[in-house]
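Chemist: Respectively, the protein sequence lines represent chains W and S.
Be aware that the first sequence starts at 34, since it is given in my numbering, and climbs by one per residue.
Be aware that the second sequence starts at 7, since it is given in my numbering, and climbs by one per residue.
No lab work stands behind these hints: they were computed from the structure.
Just so it is clear, the structure is predicted and the values come from calculations on it, not from any experiment.
Derived DSS-like pairs (lysine-lysine); straight-line CA-CA distance at most 25 Å:
1) S/Lys109 / S/Lys128
2) W/Lys212 / S/Lys206
3) S/Lys109 / W/Lys477
4) S/Lys109 / S/Lys130
5) S/Lys109 / S/Lys410
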Amino acid sequence: MRAHAKLVNVHRGLPAPSALCALALFALLAAAVTGCTDRGEPVLREPDPVGGPTLLRRLTQSQYRATVADIFGTDVPVVARFERGLRSHGLIAVGTGEAGISAFSIEQYDAAAQGVADAILGEEQRAEFVPCQPRSTTAFDTECAGAFMGQYGPLLFRRPLTNEQTQRYLEAARLGTEKLGGFYEGLKYALVGMMTSPQFLLRIERAQPDPQRPELLQLDPYSKAARLSYFLTDSTPDRELLRAAGAGELDSADSLARQVDRLLASPRFEGALRAFFGDMLEFDLFDDLAKDSEIYPAFNSDVAADAKEQTLRDIVHHLVEQNGDYRDLFTLDQTFMTRPLGIIYRQPVPARHDWERVQLSHDGSRLGIQSHVSFLALHAHPGRSSPTLRGKAIRNVFLCQEVPDPPANVDFSVVQDPSNTYMPTARDRLGAHNTEPACSGCHKVMDPVGLALENYDGLGHFRARENDAVIDSSGFLDGTAYEDAAGLAAALRNHPETSRCVVEKIYRFAVGRDTVWDERAYMDYLIAAFAESGYRVPELMRAIALSDNFMAISPPDQTPVGQGLAHNQSDGRNPS
Amino acid sequence: MSKISRRGFLRGTLQGAAVGVGLPLLNCFLDDSGKAFAASGRRIPVRFGTWVWGCGFIPELWIPTATGTEFELPAHLAPLEPYRDRLALLSGFDVKLDGVPNKPHITGCLGLRTGIPVPDLKVKAPTLDVLISDQIGDTRFRSIEVCSAGIQRSYSYRDAGSPNPSEISPLALYSRIFGEGFQDPNAAQFTPDPRYMVHKSVLSATQEERRALMGEVGAEDRQRLDEYFTSIRELEQKLALQLEPPAPVEHFEMPGAPPETPVDSEMENVMENHRLMAGLLARALQCNQTRVFNVLFSDTASNLRRPGSSSTHHTLTHEEPVDPQLGHQREVAWFAEKSMIAWREFLDALSAIPEGDGTLLDNCLVLAHSDCSIAKAHAVEGIPVMVAGNAGGRVRTGFHMAGKADPISRIGLTVQQAMGLQVDRWGVLSMETNRVIPELLA
Chain W
34 MRAHAKLVNV HRGLPAPSAL CALALFALLA AAVTGCTDRG EPVLREPDPV
84 GGPTLLRRLT QSQYRATVAD IFGTDVPVVA RFERGLRSHG LIAVGTGEAG
134 ISAFSIEQYD AAAQGVADAI LGEEQRAEFV PCQPRSTTAF DTECAGAFMG
184 QYGPLLFRRP LTNEQTQRYL EAARLGTEKL GGFYEGLKYA LVGMMTSPQF
234 LLRIERAQPD PQRPELLQLD PYSKAARLSY FLTDSTPDRE LLRAAGAGEL
284 DSADSLARQV DRLLASPRFE GALRAFFGDM LEFDLFDDLA KDSEIYPAFN
334 SDVAADAKEQ TLRDIVHHLV EQNGDYRDLF TLDQTFMTRP LGIIYRQPVP
384 ARHDWERVQL SHDGSRLGIQ SHVSFLALHA HPGRSSPTLR GKAIRNVFLC
434 QEVPDPPANV DFSVVQDPSN TYMPTARDRL GAHNTEPACS GCHKVMDPVG
484 LALENYDGLG HFRARENDAV IDSSGFLDGT AYEDAAGLAA ALRNHPETSR
534 CVVEKIYRFA VGRDTVWDER AYMDYLIAAF AESGYRVPEL MRAIALSDNF
584 MAISPPDQTP VGQGLAHNQS DGRNPS
Chain S
7 MSKISRRGFL RGTLQGAAVG VGLPLLNCFL DDSGKAFAAS GRRIPVRFGT
57 WVWGCGFIPE LWIPTATGTE FELPAHLAPL EPYRDRLALL SGFDVKLDGV
107 PNKPHITGCL GLRTGIPVPD LKVKAPTLDV LISDQIGDTR FRSIEVCSAG
157 IQRSYSYRDA GSPNPSEISP LALYSRIFGE GFQDPNAAQF TPDPRYMVHK
207 SVLSATQEER RALMGEVGAE DRQRLDEYFT SIRELEQKLA LQLEPPAPVE
257 HFEMPGAPPE TPVDSEMENV MENHRLMAGL LARALQCNQT RVFNVLFSDT
307 ASNLRRPGSS STHHTLTHEE PVDPQLGHQR EVAWFAEKSM IAWREFLDAL
357 SAIPEGDGTL LDNCLVLAHS DCSIAKAHAV EGIPVMVAGN AGGRVRTGFH
407 MAGKADPISR IGLTVQQAMG LQVDRWGVLS METNRVIPEL LA
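When you get a sec, could you build the whole thing from the sequences and use the hints?
Modeler: Now the structure itself:
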């Protein structure tokens with residue numbers, strides 16, 4: 034579980050490669066994945082695939098919604114209260130491979146499925162969704178029900194239905210028709226059954242032998258299609274991708290590239306970027322975010338929603354529309370804003386109900402997504418800022434550096450009493466940590482980073498003073514000293530871990546598991562490719578999607594595929 | 007004793023006509039002991055719940071100086087005076103860490119609930135409410151989780167990958183229980199809705215995927231799939247119940263929909279949401295919608311706060327200096343006392359509902375606990391615990407017991423036995439125990 038931290042440590046402190054051959058040298062040091070041609074240009078070669086296990090991944094809330102919208106259209110309502118995703122190794126995407134499905138979740142999935150079934154098979158819309166006219170609306174029509182199943186079954190299960198599955202849902206529709214006296218009523222319950230099936234709610238990956246590498250397995254074509262599609266669109270494979278999978282085209286490099294480029298160019302690609310960055314930035318925490326209404330009267334749930342949207346909009350605009358350098362997200366001086374957000378940023382927004390492109394600040398006092406309300410408010414207390422929480426989040430979220438929990442037995446009372454008039458600013462109060470050896474080890478990696486953001490209060494308003502004392506926002510980040518938040522922005526942008534971290538997180542997001550030690554050469558390859566592309570995220574995602582590592586499956590060690598129920602006995606949960 | 011049966015009453019009064027009136031269930035339908043309904047012989051069910059508050063207590067304001075039945079309630083327990091005979095106060099029981107790192111506010115809470123200390127949220131066994139619900143939870147909902155402080159989590163886990171989320175809005179809780187699918191237990195007429203049958207049968211068909219899928223995945227995923235199929239089966243059982251006439255319930259009144267309330271961690275809002283949810287939960291228990299519940303009054307790292315204050319209950323426990331006059335943290339004490347007032351209000355809600363010859367509380371076993379004793383140090387030694395209610399006569403209360411550093415798993419073991427589980431040993435390493443607390447068992 035700490036393999037990832039080790040992986041980071043190996044490279045911590047290495048300077049950012051500045052010239053092409055230095056880049057090659059850097060990579061050579063790490064794992065010799067590049068060579069220099071005569072003209073000194075690096076030639077990147079993907080290391081041999083390592084592969085991970087096949088996974089059983091639960092659809093996330095955004096994937097569920099996007100999947101339903103892609104199959105049935107965006108106006109079909111999904112009415113359910115999804116429980117929060119399980120976060121593991123910094124990402125909900127990794128947690129999807131570990132999360133179970135509680136009784137509460139099934140209740141909610143069931144309600145969502147009924148809502149969808151009611152909408153598309155209700156009188157108004159059924160003609161649009163059922164590809165045939167039943168012989169009678171009160172009697173069962175096998176052919177017509179079969180046609181409906183044939184149209185939506187493969188889309189829902191992300192692969193063709195087996196005969197048993199088709200029969201099962203036809204039988205459900207027949208029984209429903211008989212008991213309820215209506216063809217569409219029966220069809221409704223067949224659809225509810227399909228939408229609560231594990232084949233729909235879980236992405237069940239299956240492996241097959243890899244003809245090129247007998248020691249490895251690879252995903253089967255439909256599992257490949259699902260992995261690709263959820264990675265690049267946060268949604269289900271469309272008909273074209275399923276067709277390509279069925280025709281065996283995803284095994285050919287050219288056809289695969291064609292599909293990948295098609296998905297990258299589709300409007301759905303934005304969904305994938307939003308899903309990844311919302312996950313990386315821990316925006317699920319907004320569900321529990323509360324601010325004291327007396328201290329921060331400008332905060333409400335609309336502002337919170339706008340704050341999230343602002344950051345995601347900026348990211349998509351910069352990375353896709355501007356084809357920008359990932360690292361520049363930390364020094365962006367422009368942003369999108371709404372009028373309610375403008376109140377916090379003290380920025381007049383002329384448009385009453387719309388997003389406007391504006392300067393993030395006019396004096397450079399605010400730069401980059403880490404100075405957005407979404408980051409500042411999320412990593413603070415309900416009634417005040419927190420340099421420690423913010424410093425910790427910068428390390429965890431953007432640099433992939435884990436900071437341990439505070440020791441259990443610590444007296445904080447000297448440290449953070451906000452009414453202590455002798456210690457007017459957080460810097461004064463946190464200073465006490467440095468005298469406590471149990472604290473100083475971790476606080477010296479968090480606080481100097483978070484203190485640079487002290488000019489923003491617990492919601493994100495700019496302030497020059499705290500308790501009448503001028504705030505000193507100087508600090509240092511892994512060897513780079515700075516005077517203020519703008520300096521932190523530059524230091525974060527230029528930190529070598531910044532780009533390495535996003536590469537690792539995107540790869541983990543793609544494959545749904547933590548990276549392992551044996552993959553370090555592959556990580557170095559991706560990082561070198563990322564640097565060579567000028568830190569273009571869409572190109573990084575393309576490189577991942579086209580790499581052999583992405584689809585490779587390691588042979589299961591103790592549990593051969595298809596072993597059956599033999600191990601089920603050992604699942605005992607009750608320790609007694 | 008009584009010569010009239012419920013059915014006879016219906017026929018006699020209404021000449022058999024099917025009319026939609028609520029049918030009162032009179033005490034004369036009960037047997038002499040008041041423990042079961044005479045007509046059906048069906049026993050009044052016993053319910054189990056947990057009630058959790060965060061950030062522990064101030065020992066000198068909470069722990070009675072005397073043990074046994076003759077004790078004075080210290081200041082913070084004073085609000086519970088009306089319930090002193092219905093409460094067992096358990097002080098001085100420890101979560102034994104055995105070298106496991108103490109994750110603040112987590113290790114103590116989950117150690118108490120699973121018998122196994124863990125350094126994070128990855129529980130190694132189901133929490134005891136889940137063990138108990140597997141035994142008694144054959145109701146419409148396996149269990150109901152609520153949190154009054156705006157946090158969607160609970161400390162109820164079947165498995166590390168699937169914590170049971172809490173309802174945080176009284177209105178949402180109301181709709182889930184009393185909205186669509188709710189059947190008035192005392193309705194004079196019952197017509198099974200065939201849609202439930204069709205719905206149930208399609209879910210049963212899903213179970214047919216089980217065997218093939220189990221063969222395709224590794225051991226860990228098999229456990230997750232197993233959980234999925236368990237959840238599906240629970241939904242099937244819920245639908246099966248809808249096809250049977252609900253058992254009549256005496257004194258049941260359909261609650262009205264609660265108002266839409268602000269959901270956050272401001273103390274007054276939390277108290278109000280807690281009162282509303284406690285009332286709804288009590289009604290849900292009364293009419294057999296669930297037999298198990300978990301209430302999270304405040305999260306273990308309590309985010310409760312007073313309006314306009316820059317500190318929360320949790321941050322105060324660490325930062326507030328000890329008041330030299332009082333000898334404890336003044337603000338922290340305010341939150342600790344409020345937590346006990348809320349607990350009293352929860353017991354008020356349960357005992358407001360008459361049942362048998364007593365109240366709903368008599369037929370409940372509620373385990374109230376915190377995550378630590380002294381929050382400032384995150385101490386997991388001496389976590390305060392209370393047992394309320396008499397579990398239909400299976401549990402004795404009205405005493406204070408000092409655990410003298412015994413493993414806290416003794417409490418979990420005793421509670422499981424009281425709820426009828428066949429378990430004689432629970433917990434691991436220093437927490438493993440086969441010693442129940444005999445004083446608790448009637």
